[in-house]
Structures are given as C-alpha cells and as structure tokens.
Amino acid sequence: MTTIAGKEKMLTPEIEAFIEKWKGKPGNLIMVLHRVQEEFGYVPRDAAFEVAEALGIPVAKIYGVITFYHFFKLSKPGRNQIAVCMGTACYLNGGQDLIDECERILGVGLNTVTEDGEFSIEAVRCIGCCGLAPVLTLNGEVFGKVNTKQMRRIIQQFEGK
Amino acid sequence: MAKKTREELRNLREVKKTGIAQRNSSGESIRIIVGTGTCGIAAGAMNTLDAFQDELESHGINGEITQTGCMGLCFSEPTVEVAVPGMPNTIYGNVDGKAAHRIVKEHIINKVAVGDYAFEKPAADIITDETDDTTKKQKRIVLRNCGVINPESIDEYIARDGYAALEKVIFEMTADEVIEELSNAGLRGRGGAGFPTSLKWKFTKNVESDQKFIVCNADEGDPGAYMDRSTCEGDPHSVLEAMTIAGKTVGANQGYIYIRAEYPLAIDRLNNAIDQAREYGLLGKKILGSDFSFDIELRLGAGAFVCGEETALLASIEGKRGMPIPRPPFPAVKGLWGKPTVINNVETWANIPMIIHKGSAWFSSIGTETTKGTKVFALTGKINNSGLIEVPMGTTLREIIYDIGGGIKGGKKFKAAQTGGPSGGVITEEFLDIPIDYESLQSIGSMMGSGGMIVMDEDDCMVDVTKFYLEFSVDESCGKCAPCRIGGRTCYNILDKISKGQGSLEDLDQLKVLAQAMRKASLCGLGQTAPNPIMSTINYFEEEYLAHINNKKCPAGKCKDLLSYTIVEDLCVGCTACARVCPVNCISGEVKEVHAIDQSQCIKCGQCFDKCKFDAILKG
Ligand SMILES: Cc1cc2nc3c(=O)[nH]c(=O)nc-3n(C[C@H](O)[C@H](O)[C@H](O)COP(=O)(O)O)c2cc1C
Ligand code: FES
Chain E
1 MTTIAGKEKM LTPEIEAFIE KWKGKPGNLI MVLHRVQEEF GYVPRDAAFE
51 VAEALGIPVA KIYGVITFYH FFKLSKPGRN QIAVCMGTAC YLNGGQDLID
101 ECERILGVGL NTVTEDGEFS IEAVRCIGCC GLAPVLTLNG EVFGKVNTKQ
151 MRRIIQQFEG K
Chain X
162 MAKKTREELR NLREVKKTGI AQRNSSGESI RIIVGTGTCG IAAGAMNTLD
212 AFQDELESHG INGEITQTGC MGLCFSEPTV EVAVPGMPNT IYGNVDGKAA
262 HRIVKEHIIN KVAVGDYAFE KPAADIITDE TDDTTKKQKR IVLRNCGVIN
312 PESIDEYIAR DGYAALEKVI FEMTADEVIE ELSNAGLRGR GGAGFPTSLK
362 WKFTKNVESD QKFIVCNADE GDPGAYMDRS TCEGDPHSVL EAMTIAGKTV
412 GANQGYIYIR AEYPLAIDRL NNAIDQAREY GLLGKKILGS DFSFDIELRL
462 GAGAFVCGEE TALLASIEGK RGMPIPRPPF PAVKGLWGKP TVINNVETWA
512 NIPMIIHKGS AWFSSIGTET TKGTKVFALT GKINNSGLIE VPMGTTLREI
562 IYDIGGGIKG GKKFKAAQTG GPSGGVITEE FLDIPIDYES LQSIGSMMGS
612 GGMIVMDEDD CMVDVTKFYL EFSVDESCGK CAPCRIGGRT CYNILDKISK
662 GQGSLEDLDQ LKVLAQAMRK ASLCGLGQTA PNPIMSTINY FEEEYLAHIN
712 NKKCPAGKCK DLLSYTIVED LCVGCTACAR VCPVNCISGE VKEVHAIDQS
762 QCIKCGQCFD KCKFDAILKG
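In order, the protein sequences belong to chains E and X. Number 49 in my numbering belongs to position 49 of the first sequence; there are no gaps in the numbering. Take the position in the second sequence, starting the count at 1, then add 161; the result is the number in my numbering.
Hint data in this document are derived by calculation from the structure and do not stem from the laboratory. Fair warning: this is a prediction, and the values are worked out from it, not measured in the lab. Be aware that a few hints might be false.
In silico lysine-lysine, DSBU-like type, Cα no more than 35 Å apart, as pairs [to be verified]:
1) X/K772 <-> X/K574
2) E/K21 <-> X/K765
3) E/K73 <-> X/K481
4) E/K25 <-> E/K76
5) X/K164 <-> X/K178
6) X/K177 <-> X/K519
7) X/K164 <-> E/K21
8) X/K681 <-> X/K641
9) X/K673 <-> X/K719
10) X/K366 <-> E/K21
11) X/K713 <-> X/K570
12) E/K145 <-> X/K177
13) E/K25 <-> X/K164
14) X/K481 <-> X/K519
15) E/K61 <-> E/K149
16) X/K519 <-> E/K21
17) X/K178 <-> E/K145
18) X/K573 <-> X/K765
19) X/K721 <-> E/K73
20) X/K721 <-> E/K25
21) E/K73 <-> X/K772
22) E/K61 <-> X/K719
Taking beta-carbon pairs under 10 Å as the criterion, some of the chain E residues facing chain X (in silico) [as the list claims (entries may be wrong)]:
23) K9
24) Y42
25) V59
26) L74
27) G128
28) V142
29) F143
C-beta atoms are modelled at their ideal positions from N, C-alpha and C, and glycine is treated no differently.
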C-alpha cells in the first residue's frame with residue numbers, strides 16, 4: 001500500500017494502474033469495481049471513496065451501482081467462501097438441503113460470516129455445471145453431486161487452512 | 162505472427178487443413194483430447210489431463226494431449242476422446258486416474274477399447290456432424306467446433322473454415338446481400354424472443370449515424386442454463402467472426418461482449434481469442450488488408466438477471482444501474498450511448514458464419530415452416546443424460562428426453578419439462594410429441610426461451626417449482642415499475658401460503674388476476690413474463706394447487722410444511738439406521754425396539770426415509 005500525506009491509501013498501485021488504463025473509456029465504473037472486489041473480496045468503503053475521486057464520479061452514484069448488482073459485496077466475506085448453487089437444476093436436486101446442512105454445521109445463516117471469520121455461506125445462481133447438480137463451490141473450487149453427508153467433510157478440508 | 166492479408170489467410174487455412182488430413186490418413190499419431198469446459202474441470206478434467214501425461218510418459222509413448230470445449234456429455238464428465246491409428250476414435254466418460262491408466266494400457270497399447278468407460282458409438286457419431294447417419298437426432302451447427310477444436314487455437318478454428326465467411330463478406334458481398342442472405346436463411350434470435358435477425362440489422366444499417374455499435378448478449382441469466390457459456394468456452398472465434406461480419410454490414414467499428422462475471426473461463430477464452438484475432442489482423446485496423454476496421458472489448462456483468470434484457474444491458478455497459486427503459490425506440494435505432502446498436506445473443510451469433518459460408522438454402526432446409534436451423538438446449542434436472550444438446554427445430558420433446566436424454570432418472574415418471582426458465586412455462590406429457598419451434602411452444606403456454614430445459618419427475622411439486630421461479634423473479638426485479646415490484650412479491654406470498662397449506666380458493670383466484678395484471682402492465686420483459694410459470698402450472702396442474710388448498714396435502718411430497726414422517730410400528734425392527742442418520746437426532750429407540758420420531762424436532766430432510774430398508778417409515 002502506498003501512503004500519501006500521512007493518510008494510508010486503500011487502492012494498491014496495481015488497481016491505480018488499472019484505473020488509469022480505463023479512465024478514458026466510457027462506462028468504466030463496473031469494470032473498476034470488479035477489479036477492486038477481486039483485490040479485497042468486497043468493496044471497502046474507503047476504496048469506494050477513492051474510486052469516486054479517481055474517476056470523478058459521485059460516491060452516491062458508485063453506491064447506486066454497487067447496491068444494484070448482486071455480485072458486489074459491501075462487507076468482508078469469510079476467509080473461506082462457500083457458495084451453494086440455487087439454480088433450477090440444483091434446486092430440484094436438493095440445493096436447499098445443502099444450504100440447511102451448511103447452516104447447521106456452521107451455526108450461521110445465509111449471507112453471514114462465522115464468528116471466527118473462517119466461513120461465509122451464500123446462495124448463487126447456476127454456475128453452469130447443472131449436469132453435476134447439486135453443486136457448491138468453496139473458494140471457487142467446484143464440488144459436484146454433493147449430498148448432505150459429504151458437506152461436513154468438505155468443510156473440514158478447509159477449516160483452519 | 163503478423164497481420165494477414167486475404168491470400169495469407171487462405172494459404173494458412175489450406176496448410177492447416179492438409180496438416181489435419183495427413184495426420185488423419187497417415188494414421189501415425191496418437192491423440193488424447195480432454196474436454197476442459199467448466200463442467201469438465203469441475204469434475205476433475207485437469208487431474209485426468211495430468212494422469213494421461215504421466216501414463217504416456219511412463220510407457221514411453223509419443224502422443225499428443227490436447228484440450229477442447231464441452232462435448233455436451235456433461236453427465237459423464239470428465240470426457241475424453243482417444244484417437245489411435247487403426248481404431249475408430251472413441252469417447253470415454255467418467256475418466257479418472259484409474260480409467261486413464263486402463264485406457265493407455267488397453268486401448269492405446271493393446272488396441273482394445275475399454276468397454277467400462279467407452280460410449281457405444283464412435284466419436285464421429287456423438288460430437289461431429291461428419292456422418293450421414295439419419296438415425297442421429299442431433300445436428301451441430303452452433304456447436305460445430307465445441308468439443309472438437311482446441312478453443313485456444315485460432316489456427317484450428319481457421320482450419321475448419323473459420324473466418325471464411327468474414328472474408329466473403331468483406332471482399333465479395335454488399336451489405337444488402339448479407340442481410341438478404343440472413344433473411345432467406347430465416348434466422349431468428351435465439352435469446353428468447355425469436356425476432357428475425359436480418360430485420361434488426363437492416364434497421365441499424367439504414368440509420369444515418371456517425372457511430373454504431375455491435376453487442377453480444379452473453380449474460381445468460383436463466384438459472385439452470387449454460388448454452389452460451391459453453392459456446393464462448395468451446396468456440397470463441399465463431400462469436401468474434403460473426404460480430405465482425407455485422408460490423409461490416411451495418412457500418413459499425415466497435416463491438417462489446419457483455420458477459421457474466423460468473424463465467425471466468427469463458428472470459429479468459431474470449432480474451433485470448435480477441436488477442437489472437439488482433440494478431441492475425443482479423444480484428445483491429447484494416448482487417449485482412451481491406452479498409453474496414455473493427456474491434457471488440459469485453460464488459461462484465463455483475464449478477465443482475467434483468468441485465469439480460471437488452472435496454473438494461475446497454476445501461477450496464479454504460480456503467481450504470483441496469484434498469485430497462487421502455488421501447489421504442491429500439492436499440493437498433495437508438496442504443497448504446499444513443500447510437501444505433503445491433504444486439505444479438507451468443508447462439509444467434511454463432512449461427513451466422515455458417516449461414517454465410519454454406520448459404521441460406523442449406524440453413525433454411527433445416528427446421529420447421531416458421532423456425533429454421535437448430536436449437537441448443539441445456540438438458541438438466543431429473544434426466545439420465547444431462548448435458549448440452551443441439552437439435553434441428555421441429556424435433557419433439559419425446560425425442561429429446563427419451564432418445565437423447567436417455568429417459569428419466571431412476572425410472573421415475575416424467576411430469577413436465579420447463580423451458581424458458583423463470584419466464585417460461587411447463588410442457589406436459591400430452592405435448593411430448595409436438596415439434597418444437599417458437600410458435601408451437603407459445604401455443605401451449607410455454608416458450609422457446611434461451612435454451613434451458615429442466616426435466617421434472619413425479620417427485621417435483623408444481624407449486625414448489627413455481628414458488629422457486631417467483632422467488633427468483635422477485636429477487637431480480639429492478640424495482641422500477643410497480644406491477645413487477647409489488648405484483649411479483651404478492652404472487653410469491655400467495656404461493657408461499659399455498660405451499661404451507663394456508664391458502665384459500667380466493668387466493669388462487671387472486672393469483673390468476675395478479676398474473677394477468679403483471680403481464681399487461683409491467684415495464685419490461687422481466688415483469689411481463691414473470692407470471693408465466695404461474696399461469697402455465699395452474700393451467701395444467703390446477704388439481705395440485707387444489708390438493709394443497711383443500712386437502713392440505715402436497716401430492717409430490719415436496720412441500721415440507723405439509724409433510725410428516727412417521728414410523729410404522731409393525732414394520733420397524735429397531736435396526737437404529739434411521740436414528741443414526743438423523744442430522745438433528747430426533748429419532749429415539751433402543752436396539753431391536755420400535756423407534757419413534759419427535760415431530761417437534763423433525764426437519765423433514767427425508768434421510769431416515771431413504772435409509773430405512775424395511776419400508777417402516779411413512780411419508781405423507
Ligand atoms: C428479463 C429478460 C432477460 C433476458 N435475458 C437474456 C439473456 O440472458 N440472454 C439473451 O441472449 N437474451 C436475453 N433476453 C433477451 C434480450 O432482451 C434480447 O431480446 C436478445 O439479446 C436479442 O438477441 P437475439 O435477437 O439474438 O435473441 C432477456 C430478456 C428479458 C426481458
Ligand atoms: S443449476 Fe446449479 S449449476 Fe446450474
């Protein structure tokens with residue numbers, strides 16, 4: 001992280017370079033927010049303010065965009081992110097049962113983070129592996145044809161890592 | 162690699178073609194082709210790839226291992242095609258490390274196919290169109306290269322007549338001739354609405370403007386569908402070529418592909434393809450040495466279903482909240498940044514190079530009276546052979562489900578197929594034999610949709626499925642217009658009540674009234690079509706709604722609030738299997754004594770029911 005005039009900057013030099021590259025292109029805001037989220041796992045408040053300044057876009061407009069799109073997050077997800085598919089194929093093949101089991105094991109509800117910050121659970125729409133339904137991803141790694149019994153083992157694989 | 166002129170492109174194509182022909186006829190090389198689309202990778206295709214590498218090395222065999230896109234056989238991923246001299250190319254399914262070991266030892270060294278993993282038909286019958294087998298139900302136009310070429314190699318695309326259509330359009334055809342050709346072909350938009358593609362192009366071409374845009378809709382919002390993802394992953398150049406053709410035809414110099422951020426592999430493959438095309442001078446300034454310039458950039462979606470709607474999509478490319486606006490004006494006249502914009506769906510695009518290359522007469526000979534060509538479906542749900550299929554328009558649902566799909570999982574009874582996702586409706590048993598095209602599906606209250614086809618069996622409850630779709634639509638409503646925002650929520654609440662056994666007949670009537678109102682008064686297609694699942698399921702499965710309302714029963718045994726599990730004392734032998742499997746420990750009883758379920762604790766997961774070997778648990 002770079003420091004300017006004593007105040008610590010949130011955006012990394014890489015992100016700033018990215019913004020520089022996109023600055024002249026119309027409609028760049030969503031691409032920049034993707035880049036920010038890629039770095040932090042969510043869009044931190046300070047980062048949003050810095051993006052506003054760099055692009056010359058009002059903060060209100062930036063929050064308008066962030067809150068419209070499901071993909072952008074405003075709070076920090078767990079260190080391990082579990083995403084259970086709730087697309088139609090997965091729903092019909094027991095996606096809800098996976099979520100229920102997951103909530104039971106971790107003791108937290110959907111879209112929340114466990115107290116130790118280890119795990120967060122979310123429901124996502126079709127990740128395009130419907131042939132393997134029901135499907136979940138853990139930190140992006142896809143697990144197909146999952147049943148509730150495997151759930152605990154999958155979570156344990158990642159615990160404390 | 163330098164930029165190419167037309168002559169150089171043609172030479173390259175010939176060289177690559179002869180190279181492939183030689184390789185096939187000399188019969189010397191051994192090739193192993195691993196399907197590494199998203200679903201393949203999810204099932205472990207990368208490990209399979211490594212396993213083959215190790216096996217070949219340890220046996221000292223000289224063979225080529227390459228990757229390809231989705232072969233469409235998603236139920237048996239990882240899938241692998243093996244080509245060995247003197248044997249027909251064979252496709253293997255469920256290939257893990259053990260299978261790789263056997264394939265190398267038995268198939269490659271001993272020249273005997275490994276029956277346990279092999280598909281019955283030779284590879285040519287399954288994934289390519291190079292046979293004249295009329296018993297074959299599938300026909301691959303859009304997916305012609307998917308599962309065949311290496312999607313990261315522009316040379317392989319070129320060798321299969323890639324960019325030949327663009328050449329023709331730039332050097333041999335006028336804009337009007339291109340539009341005429343699409344019109345004669347009868348190509349209609351595959352994104353759902355089925356609007357004639359030639360008309361859109363004509364509108365845009367005829368508008369005077371200093372700037373025009375070409376947009377590819379790769380937002381694929383229907384949950385449970387992945388045709389467009391597979392096409393972008395398996396054959397990215399076909400989309401680029403088509404967009405460039407459109408640019409030349411209507412007079413645009415810039416194209417955008419709007420793609421879901423949830424598709425990282427497709428994004429990588431498209432970016433890679435764009436780089437290659439630029440290197441070859443097939444994108445960028447002065448394409449193929451002509452004075453036509455065109456370039457393409459990607460723009461990422463961010464998880465909003467409504468952004469699949471074209472006006473919302475354009476707003477999103479502009480970096481704004483993806484809210485739809487009323488049409489007209491249509492994007493063809495006033496689109497991106499107010500400029501005339503051609504917007505088509507991925508599958509529509511992928512058809513176009515073939516139409517130009519092979520001619521409209523060929524294309525229009527396939528399909529039905531009103532709907533030409535083929536349709537790609539993502540066949541999923543309770544079906545044995547879940548996967549990506551492409552069939553000529555006019556194929557019946559029966560052929561799709563039973564001949565291609567291999568019937569219903571577990572020998573259960575077919576109940577309905579849903580097309581069009583949350584905007585569509587159900588097709589029931591009585592319509593299994595109607596030939597599929599835009600008009601016929603609409604006439605029975607469903608729709609072609611973008612290609613999701615979800616098969617449901619006797620265990621699926623229509624109230625529950627409809628509630629699922631409404632929950633989706635409510636979640637995805639942008640909130641701009643009241644009929645969709647409030648109407649959708651109210652419909653969902655009623656469905657929720659009914660699924661819990663708390664609904665009344667008045668609720669059912671109100672549901673029908675609301676559905677009509679939403680259809681008529683909503684601003685965009687999302688709200689207008691969100692009630693379709695309601696109308697369609699009430700139409701064909703009203704008795705199921707009535708069972709929930711009048712008898713407080715869910716005939717399919719899906720709605721948990723109307724369900725209870727009890728132990729039949731006479732049949733229980735006290736084996737304790739149910740108590741051990743219960744995740745909330747609500748089953749009690751000593752070994753060899755009758756067990757009991759504590760109804761207040763039961764979460765109705767059904768695991769005890771599945772576990773019991775003595776039919777001693779009653780579901781009802
Ligand atoms: C709510 C809604 C969602 C849509 N989602 C998609 C989509 O995911 N993909 C798509 O290609 N078209 C989608 N469409 C259709 C587009 O608005 C548009 O008709 C299509 O991109 C035009 O291309 P085509 O003529 O090639 O089909 C959607 C429409 C609506 C109303
Ligand atoms: S519905 Fe879950 S992967 Fe498609």
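Do the hints match the structure? See the list:
1. X/K772 <-> X/K574: Between X/K772 and X/K574 the Cα gap is close to 22 Å, so the pair holds against 35 Å.
2. E/K21 <-> X/K765: Given that 35 Å is the threshold and the Cα spacing comes to 54 Å, the pair is violated.
3. E/K73 <-> X/K481: 17 Å, holds
4. E/K25 <-> E/K76: 29 Å, holds
5. X/K164 <-> X/K178: Roughly 20 Å between the alpha carbons, so the hint for X/K164 and X/K178 holds.
6. X/K177 <-> X/K519: 20 Å, holds
7. X/K164 <-> E/K21: At roughly 25 Å apart (the allowed maximum being 35 Å), E/K21 and X/K164 satisfy the hint.
8. X/K681 <-> X/K641: Since the Cα atoms of X/K681 and X/K641 sit roughly 16 Å apart, the hinted pair holds (cutoff 35 Å).
9. X/K673 <-> X/K719: 23 Å, holds
10. X/K366 <-> E/K21: The given pair, whose Cα atoms are some 32 Å apart, holds under the 35 Å limit.
11. X/K713 <-> X/K570: Given that 35 Å is the threshold and the Cα spacing comes to 28 Å, the pair holds.
12. E/K145 <-> X/K177: 41 Å, violated
13. E/K25 <-> X/K164: Measuring from Cα to Cα gives roughly 26 Å; hence the hint holds.
14. X/K481 <-> X/K519: With Cα atoms ~40 Å apart, X/K481 and X/K519 exceed 35 Å; violated.
15. E/K61 <-> E/K149: Violated: E/K61 and E/K149 sit about 45 Å apart, past 35 Å.
16. X/K519 <-> E/K21: 41 Å, violated
17. X/K178 <-> E/K145: Roughly 41 Å between the alpha carbons, so the hint for X/K178 and E/K145 is violated.
18. X/K573 <-> X/K765: The given pair, whose Cα atoms are some 22 Å apart, holds under the 35 Å limit.
19. X/K721 <-> E/K73: 32 Å, holds
20. X/K721 <-> E/K25: 52 Å, violated
21. E/K73 <-> X/K772: With a Cα-Cα distance of about 40 Å, the restraint between E/K73 and X/K772 is violated, given a limit of 35 Å.
22. E/K61 <-> X/K719: Cα-Cα ~44 Å, so violated.
23. K9: 23 Å, violated
24. Y42: Result: violated, 13 Å to nearest chain X Cβ.
25. V59: 15 Å, violated
26. L74: 13 Å, violated
27. G128: 4 Å, holds
28. V142: Because about 4 Å separates E/V142 from the closest Cβ in chain X, which is inside the 10 Å limit, the hint holds.
29. F143: 8 Å, holds
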